[in-house]
Structure formats: structure tokens, C-alpha cells
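K.L.:
Spelled out from the first residue to the last, the chains are:
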Amino acid sequence: MRAKIRKLIVQVDETRFEMGQEINPPTRRALAMAVIENPCAGEYVDHLDELIAIGEELGGYLGDRCVLALGIKPSDAHSYGKAAIVGEGGEIEHAAALLHPKMGAGLRIAVEKGAALVPSSKKRGGMGTAIDVPLGHKDAAFVRSHFDAIEARVSDAPRKNEIVVVIAVTDSGRPLPRVGGLQIHEIKGLDGLK
Amino acid sequence: MKPEIRRTLTTVEDIYHENGPQPDQPLRRGSIAVVLKNPFAGQYVQNIAPMMDVLQPIGIQMAQQLLKAMAVDASTIEGYGKGAIIGEAGEQEHGALWHVPGGYAMRELLGWKGDRPPNAPPNANTFQKYTQGQATSQAGKPGNAIAIVSSTKKVGPPGITLDVPLTNINASYVRSHFDAMEVRVPGAPLADELVYILAMSTGARIHARVGGLAIDKISVWDGQR
Numbered sequence: 001m002r003a004k005i006r007k008l009i010v011q012v013d014e015t016r017f018e019m020g021q022e023i024n025p026p027t028r029r030a031l032a033m034a035v036i037e038n039p040c041a042g043e044y045v046d047h048l049d050e051l052i053a054i055g056e057e058l059g060g061y062l063g064d065r066c067v068l069a070l071g072i073k074p075s076d077a078h079s080y081g082k083a084a085i086v087g088e089g090g091e092i093e094h095a096a097a098l099l100h101p102k103m104g105a106g107l108r109i110a111v112e113k114g115a116a117l118v119p120s121s122k123k124r125g126g127m128g129t130a131i132d133v134p135l136g137h138k139d140a141a142f143v144r145s146h147f148d149a150i151e152a153r154v155s156d157a158p159r160k161n162e163i164v165v166v167i168a169v170t171d172s173g174r175p176l177p178r179v180g181g182l183q184i185h186e187i188k189g190l191d192g193l194k
Numbered sequence: 001m002k003p004e005i006r007r008t009l010t011t012v013e014d015i016y017h018e019n020g021p022q023p024d025q026p027l028r029r030g031s032i033a034v035v036l037k038n039p040f041a042g043q044y045v046q047n048i049a050p051m052m053d054v055l056q057p058i059g060i061q062m063a064q065q066l067l068k069a070m071a072v073d074a075s076t077i078e079g080y081g082k083g084a085i086i087g088e089a090g091e092q093e094h095g096a097l098w099h100v101p102g103g104y105a106m107r108e109l110l111g112w113k114g115d116r117p118p119n120a121p122p123n124a125n126t127f128q129k130y131t132q133g134q135a136t137s138q139a140g141k142p143g144n145a146i147a148i149v150s151s152t153k154k155v156g157p158p159g160i161t162l163d164v165p166l167t168n169i170n171a172s173y174v175r176s177h178f179d180a181m182e183v184r185v186p187g188a189p190l191a192d193e194l195v196y197i198l199a200m201s202t203g204a205r206i207h208a209r210v211g212g213l214a215i216d217k218i219s220v221w222d223g224q225r
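If you read the sequences in order, they're chains A and B.
Counting along the first sequence from 1, when you hit position 74 you're at 74 in our numbering, and nothing is skipped either side.
Counting along the second sequence from 1, when you hit position 114 you're at 114 in our numbering, and nothing is skipped either side.
Careful, some of the hints might be misleading.
Sample of chain B residues with no beta-carbon within 10 Å of chain A, all distances over it, derived [to be verified]:
no. : residue
1   : R6
2   : P23
3   : V155
4   : A208
5   : V210
6   : I218
Taking beta-carbon pairs under 10 Å as the criterion, some of the chain B residues facing chain A (in silico) [as the list claims (entries may be wrong)]:
no. : residue
7   : E4
8   : I5
9   : V35
10  : K37
11  : I160
12  : D163
13  : P165
14  : R184
15  : V185
16  : P186
17  : G187
Simulated restraints on C-beta separations [what the hints assert, rightly or not]:
no. : chain 1 : residue 1 : chain 2 : residue 2 : range
18  : B       : E182      : A       : E18       : 21 to 31 Å
19  : B       : V45       : A       : K73       : 38 to 48 Å
20  : A       : K160      : B       : P186      : 38 to 48 Å
21  : B       : A191      : A       : E22       : 19 to 29 Å
22  : A       : D156      : B       : T76       : 21 to 31 Å
23  : B       : K68       : A       : D76       : 13 to 23 Å
24  : A       : H185      : B       : V45       : 21 to 31 Å
25  : B       : P186      : A       : N24       : 20 to 30 Å
26  : B       : A49       : A       : G126      : 42 to 52 Å
27  : B       : K2        : A       : K160      : 28 to 38 Å
28  : A       : G189      : B       : D53       : 42 to 52 Å
29  : A       : K160      : B       : Q43       : 47 to 57 Å
Just so you know, the hints here were simulated from the structure itself, not pulled from any lab data.
Even for Gly, the Cβ is constructed at its ideal location relative to N, Cα and C.
Could you build the full structure based on these sequences and the hints that come with them?
P.N.:
See the structure below:
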């Protein structure tokens, strides 16, 4: 692998009841988090090609881990999101290099389709910094029931020269969606929006 | 008193190295947190012990679900621990309800035979005997998972972290396996909720090198050494 992974953490968050209402089937959201060495830490590096390549690799790798943890077929994934927390020795642009140029391609293979933008967040932080990863439907960004967020955090990362790279995949929307908007059964899935 | 599981959060982490020599196999550690309604929230209830029976099937289910998520054979588990976080309207003692149903569910899954003769089929009596304090110090001697399951607990707000201790499953004094795993459920426990936690690991700390009792030197088989 190109990425030097110190730790890999996979989580599944399953909600069965919310406000006393049974959620059946439960909503399930997976997170895959890789703690990687930042090859550009400690100095200003003009060309971020190495991070871009690592992002490409991790998009598929972490996306696959989420789908595997949910135990679903790739086509049954509903929403996705991505994020990065850059340790002190790096800069916010390093997160951008990982997330934006090439990460989406691999992730979209992991969830089979993905016409919609992969929503993202990024920040610099120390060990245990939490990041709220935005979630949106993979084929139609306007699906209101799937606007959500999941918190990602690794207690002992990122160290100064590390980056926490996060992919989130779900098989559902919010537990009790009732604020209208575009519904799943109305998705056309062509333009990424509706 | 039917337990209402609101949520489960399962975490599996692979630790490849911590800036030292990378072993052939990464250390795998897993935790499962189950978020439940606290039936005793907001009031002092004297007789809470019957809830341990209610929690028994949840303990079994959580232990199985964690092992499945870790995707390893039960025989590869070398460390374990447990914990509880009690929401604002509860008390520390409500966390203690998890010791028997959580700990013994995990130990049974890992091969502990309890008071049963070595070849007897699994049954629920083990739990009852322990609930009633009837187990003996010789319990489980020929089996696996004979060490006490170490634990922590606290009362706290949603999203609070709990450091869950991990120790070797057969001998509490195995120094290489003294470890801890931070567990946290964003958004839980609410004031009237409980978070019960089980944790397991496949081995020693990633670069363990401070001596002490080694796993291959366990000899007394009393759960300690």
C-alpha cells in the first residue's frame, strides 16, 4: 500500500429506537478511519501528488471496509461522506489533496454508484479531535431524509505527523425522517442532485 | 421490564504499529456499546438486582455480535474488559448491574465452563449461581477465560469517554496484556439511558516490552497467574 497506516478503525452505529419509536429495520451507519503518516508534514511542499495518490487508494479501501462492516451489497449503500483531520505538522491543504482530487472514484466503486457529490469536512487538530462527517445520499444530493452527520474521532490520533482519514457509508437515512423534501423512491439518479 | 435497546455502536480497530517494529499480525481490538433505557432513572430503587436477569440475553447477544464484528475465532481472543456509562438521571450502582450478565456472557463465549462438569452442555444455571454467589474458586479451572473481567464505570453526559481496561483472559497478572481502550458513543447516554460496554483484544500491547508475567508462563491457573 502507498499509505502508511498505523491504525485502522471500523465502527458500525446502529439505531433501533429513537424517542421511544422502534426503528425497523434499524438505521446503520459505518465509519472507517485510517491513521496515516503525513508524507508532507513539517515543511511546505508545493506538489501534493503523493497525498492525492494516497487519497485515491483510501477512497476504495475505506469504502470497502464500510460496506463489509455493514454486511450489505455495494448497491444497497444509501449515503456517504468523507473527512480528514490533519495533525499539527501538516496543513489544511493536505486534507484537501487527500479528499478532493481522486478519493471519490474508488469510493464510488465501493458503493457501486454514486452520482452525487461526496460531502466532506476537514480540520487541523490534535489527538482525540472529533470531526463531524457530513452525510448525503450517494445518488441524489437533494434527498432530505439522508442529510445527516456522524462524528468521527480517534483517541490517540492524529499525532503531529499524522492524518486521520475518514469514510462514512450508511444503509439508511435518519431514524425518523419527517421534514419532507425529495424521497428515495423519487430519485432519478442521473444528475447527482435529484 | 423489557429492555429497550436504542442503539449499538461496534468498533473494531487494527493497530499496525506505534512507531516501532511492525509485527506480522496487527493487534485487533474491538468494543461494543449498547445504549438502553434506564428503568430506574430519576428515582432511588432499592431492589435493582432482578435487572441482571433481564440483561443476560443482551450480554450474550452483545458478546456474540462483538466477536462476529472482529471476524476472528474465539480462540484468538487474549484480552477483555467491560464498562458502563450511566446517564445523568441514574446512579453509579446501575452500572454495576452489568458485571454478571456482561462479564459472564463474554467468558462463556470464550470457553469458560463455570461450575459445570467439563463436558456438560451450556446452560443458564451458571449465571444464576454467580448471581446468587454460589460459584467456587475452582470454577472453570480447566477452561478458558478464567480471569476476572476488569471494568470501569462512571455517570456522565452524552458523548463522554470511558477508558475500558483490558487484561489477559486467563491470568490477570500478565503484564503484556494490561491495556485500555477508549469507548465513546456520540449522543449517548441521554439522562435516562445506560451504556453498557464489552471489549476484547487479540493480544498484547503492540510493542509490549516491560517484562512481568508472560502469557506462556501462566502456571497456577487461578485466574491470576
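K.L.:
Could you run down the list of hints and mark each one as holding or not?
P.N.:
Results for each hint:
Interface exclusion of R6(B) from chain A breaks down, the closest Cβ pair being 4 Å apart, not more than 10 Å. Look at P23(B): its CB is around 13 Å from the nearest CB on chain A, clear of 10 Å, so calling it non-interface holds up. No beta-carbon of chain A is positioned within 10 Å of the beta-carbon of V155(B); the least distance is around 20 Å. Residue placement check: A208(B) keeps its beta carbon more than 10 Å from all beta carbons of chain A (closest about 16 Å).
The claim that V210(B) is not at the interface with chain A holds, since no C-beta of that chain comes within 10 Å of its own (minimum 18 Å). No Cβ of chain A approaches the Cβ of I218(B) within 10 Å, the least distance being about 28 Å, so the stated non-interface status holds. Here the hint on E4(B) is kept, as its CB sits about 5 Å from the closest CB of chain A, short of 10 Å. For I5(B), the interface hint holds, since its Cβ comes within 10 Å of a Cβ in chain A; the closest pair sits about 5 Å apart.
Checking V35(B) against chain A by beta carbon gives a least distance of about 9 Å; that is within 10 Å, so the hint holds. Interface hint status for K37(B): upheld, as the beta-carbon distance to the closest one in chain A is roughly 8 Å, under 10 Å. With a least beta-carbon distance of about 12 Å to chain A, the hint placing I160(B) at the interface is violated under the 10 Å criterion. For D163(B), the shortest C-beta to C-beta distance to chain A is roughly 9 Å, which falls under 10 Å, so the interface hint holds.
Interface hint status for P165(B): violated, as the beta-carbon distance to the closest one in chain A is roughly 14 Å, over 10 Å. The beta carbon of R184(B) comes within 7 Å of a beta carbon in chain A, closer than 10 Å, and the hint placing it at the interface holds. At about 8 Å, the closest approach between the beta carbon of V185(B) and any beta carbon in chain A falls short of 10 Å, and the interface hint on this residue holds. The beta carbon of P186(B) is positioned within 10 Å of a beta carbon in chain A (closest approach about 4 Å), and the interface hint is therefore held.
Using the Cβ-Cβ criterion of 10 Å, the hint placing G187(B) at the interface with chain A is satisfied: the shortest such distance is roughly 8 Å. As the Cβ distance of E182(B) to E18(A) is approximately 25 Å, the hint placing it in 21 to 31 Å holds. The given range of 38 to 48 Å is respected by V45(B) and K73(A), whose C-beta atoms sit roughly 46 Å from each other. Between K160(A) and P186(B) the CB atoms are about 25 Å apart, so this pair departs from the stated range of 38 to 48 Å.
Take A191(B) and E22(A): their Cβ atoms lie about 21 Å apart, and the range 19 to 29 Å holds. Look at D156(A) against T76(B): about 23 Å separates their beta carbons, and that is inside 21 to 31 Å. Taking 13 to 23 Å as the suggested C-beta distance range, the pair K68(B) and D76(A) conforms, at roughly 19 Å. At roughly 47 Å, the beta-carbon separation of H185(A) and V45(B) lies outside the given 21 to 31 Å, and the hint is violated.
For the pair P186(B) and N24(A), the beta carbons lie near 22 Å from each other, so the given range of 20 to 30 Å is met. At about 43 Å, the CB distance of A49(B) to G126(A) agrees with the hint of 42 to 52 Å. Distance hint check for K2(B) and K160(A): the Cβ-Cβ separation is about 49 Å, which falls outside the suggested range of 28 to 38 Å. Between G189(A) and D53(B) the CB atoms are about 49 Å apart, so this pair conforms to the stated range of 42 to 52 Å.
The hinted window of 47 to 57 Å between K160(A) and Q43(B) holds, with their beta carbons roughly 49 Å apart.
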